[in-house]
Each structure stands twice: as C-alpha cells, then as structure tokens.
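Asker: Letter 88 of the sequence shown, counting from 1, is numbered 88 in full-length UniProt numbering, and no numbers are missing.
Hint data in this document are derived by calculation from the structure and do not stem from the laboratory.
Among the clues, some could well be false.
Claimed, not checked - Below, a list of computed lysine-lysine pairs in the DSS-like style, where the Cα atoms sit at most 25 Å apart:
(1) Lys-457 - Lys-75
(2) Lys-271 - Lys-614
(3) Lys-66 - Lys-457
(4) Lys-102 - Lys-751
(5) Lys-420 - Lys-350
(6) Lys-420 - Lys-66
(7) Lys-89 - Lys-614
(8) Lys-448 - Lys-460
(9) Lys-297 - Lys-350
(10) Lys-453 - Lys-36
(11) Lys-89 - Lys-350
(12) Lys-751 - Lys-66
(13) Lys-66 - Lys-350
(14) Lys-75 - Lys-614
(15) Lys-420 - Lys-460
(16) Lys-399 - Lys-448
(17) Lys-751 - Lys-457
(18) Lys-297 - Lys-420
(19) Lys-297 - Lys-66
(20) Lys-614 - Lys-668
What the hints assert, rightly or not - Distance windows between CB atoms, simulated:
(21) Lys-536 - Thr-487: 22 to 28 Å
(22) Lys-102 - Lys-751: 42 to 48 Å
(23) Asn-37 - Asn-418: 56 to 62 Å
Using N, Cα and C, we set each Cβ at its ideal position, and we do this for glycine too.
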Amino acid sequence: MIPDIYKKVFYIGFLLVLLLQETVAQTSIQGSVVDKNKLHPLEFSTVTLHRLQDSSMVAGTAADAKGTFTLTDIKAGRYYMIVQFLGYKPFKVPPITISGDKVYTIGQIALEASPALLNEIIIKGEKAATYHHIDKQVYNAAQFQSAQGGTATDVLKNLPSISVNSEGDITMRGSSSFIVLLDGKPVQSDPGIILNQLPANTIENVEVITTPSSKYDPDGKSGIINITTKKGATDGYYILTNAQIGLPSVQDYGNENRPVRFGGDVTANYKKAKWNVSLGANYKRDDIAGYRDGEAKTYLNTIYTTFPSLGERSYYSYSYSVKGVASYQISPSNTLEAGFYAGKKSQFRKADILYKQQRSNEATGELLNSFDYFNQNLRERRGDFVVSNLDYSHLFSDKSVLTVSALYEKTILGGPTNNKDVNPELHSQLYNQAVMDESNPLDGFRFKTDYSKSIGKKGKFEGGYQYRYLLHKGDFTYREYNPSSKTWSVREDLSNEVKLIRHIHSLYGQYSAEIGKLSYTAGLRTEFIDRTLDDKSTSTPYTFNRVNLFPSANLLYTITKDFKLKAGYSRRIVHTTSNMMNPFPARRHSEVLEVGDPKLLPEYIDLAEIGVVKNIGFHSVFANIYYRGVQHVINRVNTVYNDTILIRTYTNAGNATSYGIEAGLDLKLAEWWTFFAGGNVYQYAIRGGVFNTAVKTNSINYSVNGNTTIRVLPSLTFQVNVNYTSRTVTAQGEDSRFLIPSATLKKTLWKGQGSVSLQWQNIDLGMLGSNEQRLTTHGSNFYTSTNYIQEVDVFRLNFSYQFNKLSKKLKFTESEFGEKEF
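Kindly generate the complete structure, drawing on both the sequences and the hints.
Answerer: The following block contains the structure:
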C-alpha cells in the first residue's frame, strides 16, 4: 500500500493544480496536423505563432503522437501561424484575433508532401532527445550513436530510468519486471530476450510509461516501454539496409575460440493506393568472450568446504528472423491488417571452470581431503517460433473507433545442458557426465476488442475486453553417464513433466479530458486469472484463481508552455512464469540445482509519482519523484543441497519498497555540441523472511547514463557514452557496481541517406574495470561470491543506407508469449 505521507503529498499536489487552474489565464490555441492525402497524424510537426504587426515569433510547440498541439498564454492581439514538417510544404494559417481568456480551436491542418524539398533538403541540427507527455517520456533513438548496429538493449541503456548489468539483464527504476510494447502492440515476453533481438537501426523512438493507464495490460512492476519503429514511404517504396562487422578482439581471456561478430538487417516498405506492405529480415552473430572468478563456502555437519573456481564463461549467439505485415483499406472506415513473425535463435553459454575443492574440520581446521576437477559446461537455449496476427478497425460516422485483434503464437523452446567433470591435467579422463534435455512447447493466444469515443470538445472514453490464453508444457529428462559401464541412465528424481495453463479475462474503462491547462486520465481495469499447474510427480494440480482491480490516474498541468507539472498512480501485477514454478530440481550447472515453487503468489505493485518538466530555450530539464510498493516480492534465493551444491529457487520474500528521484537534462551547449544525461537514485528495502529467517535489508542505489556529441564537421560527429550502475542489495547479498563507457565516430554520406561509423565499446584500457560485476550471496551455512568479467575494448564497424526517405511508421507482429520462457 502507498504510505500515508505519500498519499498526502499526492493529494496536496492535486489541490495545488486545481488552484492554479483557477488563478492562471486560460487563453490557448489548439489544433491538429495530418498528412493531406492519408490523413495520418504528423507527430513532431512544428507550430509557430507570429505577431501580424511585425512577424515576430511569440510562441511555438510540437505536435504530439496524435498530431495535436496547444499554444498557451497568448496575449490579446492579431496573429498568424506557420505549420511545418520535414518533407512537407509549410502551411500558413490565416490571421486570427485573440481578444479574451478562452480556447481558440483552429481545427485540422493538412500538410502536403513536397518530394522536391524532400530530395534536396540538408538537415542541420537534430531532434530533441526527449519529449514529455501526460503519462510518458519519449526519447529519440537517433541520439544514441553507440547503439547503431546493435539491438534495442543498446538504445535503452542510455535512458535515465534504465540500467543493464553484466548478464545483460535490464532493469527499469531498479526492477527487471516491465512490459514491452512494439509499435503499441503488447507482448508477453521476457524483456531482455526481446530487446536483444530487435535491431537498433529500425527504432525511431522509445516511450517510457512509468504510471500506465488502465487501457494497458497491468503486468510489469515498473511500467511499460513502448518501442516505435522507423517510418516508411508515404507513397511508393523505401528500403533500409544496415550491416555490421566486429574487428578482431583485443582481449580473448584465453578462451578456446575467438569471438565472431557480424550481422545485418533489411527493411522494405511498399505503399500504393489501399495497400501497405512491409517486409523485414535480420541476421546477427554476436559472440562475447569472458571468464569468471568465483569463491564458495559451505558449513554442513561440522565440515567446512571451500571450492574456489576460475575459468572461461563465454557466449556464442545466433539469431535470424523474417517479419512481414500487410494492411488493406477496405473503405474509408474499414481497415484490415495481417502480419507474421518467424525465426530461430540459439545461445550457447560455455563455462569451462577449474575447481579446487577442499574439505576440513570446522572446529580444528584439519584438512580432511582435497580434489581438483575441471568442469566443462555447455548450455544451449534454442527458440523456433511463428507468430501471426489479424487486426480489424472500423471508424463510425461519429468518429468513434472499434478495433478487434487476434494473435496466435507457436513456440518450441528448449535445448540440452551438457555437464562434464574431467581430470584437469588429462581431459580425456572422465570423472562423471550428465545431460539435461529440455523440451518446452508453448501455445499462446490473445483476443481483444477496444472502443474509443470523443465526448464533448476535450473528452474521450475508451473501453474494451481482452482474453489471454497460455499453454506451456515442459518435458525434462536428466541422464547420467557411467564411465565404468559406458551406459546412460535416467535419474527420475531430477526428471519430470509439467503443464501450465493460464486464462486471463479483462475489462477496462477510462476517461480522459482537458480543462483549460489541466489534462487528466482516470480508469479502472478488472481482471480474472485462472492458473493451473500440473506436475507428473503428483496427482493434485496446483491452482490459483483471483479477481484483481487495477485503478490508474494521470494529471498534467501546463503552467506555461515551457513549464509543466504532472502526477500519476497505477496498480500493477507480476504473474509467475513456468520456470519460477517448476516444482522439481533441474541440474544445469556443477554447483547449482534450480527448482521452482508451484505455490508462488503473483506480485502486486502500487506505483506513484509526481514530476516537473522545464524547457529553457533549446534546453530541457525534467525530474520525477516516485514510489513503488511491492507485496509478495519474488526473489531468487539459495540454500544448501550438499556441501558442493546449492539449491537456487524462487520465493515470496515479503514486501519491498522503493523511493526515488529520476532526472534528466538535454542541453545544446553550442551549435556543434550537445549533451544529454539522466540519472536515477532510489532507496530499496526488503522486509520479510526467507527460509524461516527474517530479512530486513536496504540500500541506496543509483545509475547514471549520459552522452555528449560533438559535430566536428557538418557530416562528421563524435559521441562519448557512459553507463554506470551502483551496488545494490538483494534478499541474500549484493551486486557490485557496473560500468560501460563507449565512443562512436560517425560519418554521414550521400546527403544523409548513408552513414558509416566506428564504435569502441566497453572501453577499459586495462584500468577502468569495465564490463565486470561481482554477485555475492550468503546464508547461515553458505557463502558465494563470483566476479563475472566480460569482453572489453570491443571495436565494431557499421554501415547504413536508405533508398528513400521516411515518413510513416511500420508495424510488425511481435512475439507475444514464447520469449518470456526462452
């Protein structure tokens, strides 16, 4: 629940907003900007207001995602407006007379495309790095040059609220649980895996929605990240191509094989008359060298056991996919769209580790025995998938809209884990060997219908129904090899079959409106969840049924056109996944058995924030103070199985709270020099218990992401990025700090249609400690601490070329279920 003090702050802020609403003048001009032929909104169109007497500019703004704009605080007088957008002819609005405190509505302004201008214009300057709306911040992906040729993860790690650790795990305001939307379409997927598959070159903007409204799925502890892809041609075609190659490694850490890095992607769009067809394909080979240095201790039955470890821990990754979408405008009021997404991906984690095991008497310190062995562990994770969708949209005569959509996904997940212990001096001498075979077929289906209708001049109602179905099976077989008899046998205690079935029915309704300078949205979502887990080892299934309510509210008050206040609240949920609930031990590594909890409860979250946005000329500053309270917080924790093996499991560890402030600034220091930086500081605390032991821990954590760009020549830029995350506590220990610096030199070619860039990633120079992180856990009878060191001073060369200009967003079908279990 939200603490009383925070509720008071929230309510006082709301009352102040209402007070300001009554005391500040309400004169404003409103309208919208669309494409003249296709009538789609032109987001980021610029609108400037000029005094008729001397043509001096007195106000300006940019259109939002719906193409709407508002100019505020307009004094009495005679004015005209100029509306512009890149690739379109400027439009001059006829003079208007402002004479009183009221809202002047201009209506819809239709801009006409200008092919000649589009071919000849030379871009000088950049988009602003950040835009702010009532419930979200929008970041321009093109600002982050270090991400070119990479993935969406490389874009996200530059944002104020995002941090990425040594394992590639992404957190938003300190939590790894959030929803990913791709072009507004929700996906039920593990964010890290999805974002590591999406090419950064195809991303236009990233929207961070920290207090989502009721029309969105309530899943995710921290909110929503919506990624919008780049834009296709208004008419005709365009083709966008990107290629990347990695230069030879500077550091290979003595790994058996050197990393291989190369890839590319291509996107093609054709639009004519009522048809709009897009196709995309990509391939990426992205290996990372590395090693780990670990220490582990256990205390069991008066025996003190240590087993320090050192060796290779590298990744070999392959991914390729094909996407397509076709939309057909049946009539001016009816549109049909179909899409597909199919591909393969494999990731091999190689961990060849030398263990030096010693057992001694805990009381006397006497050495009882010692044993050295070399553990060869190769875990493969595969995912073959096909996703298809069908969407229908109808526009009624009163401008209300009904949309109906369905999505089906078939995914085959799995892959073996091969674990061998051999003589460190003679690898052909096998001590023992085991293989865990996993097969995880998944079927997912989503059906939803949404309705929206304008009410009055400034009001809007939205409502809808959604049904989600998930069927996830798991077949796990653990086989052991006997070197003496040279035979394989199945261990029944480490093998099992499970089946998870989940039904979710949802209804939502919300209302949004504007009252002068105050914009607000309020809504409620109701969900019924029916979850069943069948386990082969027991005849009684594990069931969970519950009705949940998810209210939400957002406020935005525009004091002046350059100064805004906002506040928001959202109730959220994190559903348990199959891997968290598997009730049997899975042996995936020499030192660890992984087991789930079939009775695990979902997490329930309250999110609240208040914030301020201030623009100062070409500069922008924002800050948000936020609170997150989590009931039944889920933590991955350890306990002792035997003196050299820990059991790793998931458990509800109690309640967790986070209080934080997130801030960012976007500065244009000179015509040739820009600076963007953001940070997040929060106090994180857990109160509860793990294995009948009380847990009471807290820490102050922070992360800083920033970049500065220098335009050396009109077509040559140099950018430096820094991503830093501080140490943070966990339920049983802590994670150390994590640092990633990088630099990019980029040259644009052929009037901006092509570019080539050289990237220096994970800058270390042998002295910064970049790209490494130590994870420590401890309990009453164990201690583990492992330093994961991954490749530094990585150099990549990127090339990009587009055959036509861009102006309409592409939307592709995206993975809905399977990625979450990958």
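Asker: Are the hints correct? Go through all of them and say.
Answerer: To see whether the hints hold, each was checked on the structure:
no. : hint                          : in the structure
1   : Lys-457 - Lys-75              : holds, 23 Å
2   : Lys-271 - Lys-614             : violated, 40 Å
3   : Lys-66 - Lys-457              : holds, 15 Å
4   : Lys-102 - Lys-751             : violated, 45 Å
5   : Lys-420 - Lys-350             : holds, 12 Å
6   : Lys-420 - Lys-66              : violated, 58 Å
7   : Lys-89 - Lys-614              : violated, 31 Å
8   : Lys-448 - Lys-460             : holds, 20 Å
9   : Lys-297 - Lys-350             : holds, 23 Å
10  : Lys-453 - Lys-36              : holds, 23 Å
11  : Lys-89 - Lys-350              : violated, 57 Å
12  : Lys-751 - Lys-66              : violated, 30 Å
13  : Lys-66 - Lys-350              : violated, 48 Å
14  : Lys-75 - Lys-614              : holds, 21 Å
15  : Lys-420 - Lys-460             : violated, 62 Å
16  : Lys-399 - Lys-448             : holds, 20 Å
17  : Lys-751 - Lys-457             : violated, 44 Å
18  : Lys-297 - Lys-420             : holds, 22 Å
19  : Lys-297 - Lys-66              : violated, 59 Å
20  : Lys-614 - Lys-668             : holds, 15 Å
21  : Lys-536 - Thr-487: 22 to 28 Å : holds, 24 Å
22  : Lys-102 - Lys-751: 42 to 48 Å : holds, 46 Å
23  : Asn-37 - Asn-418: 56 to 62 Å  : holds, 59 Å
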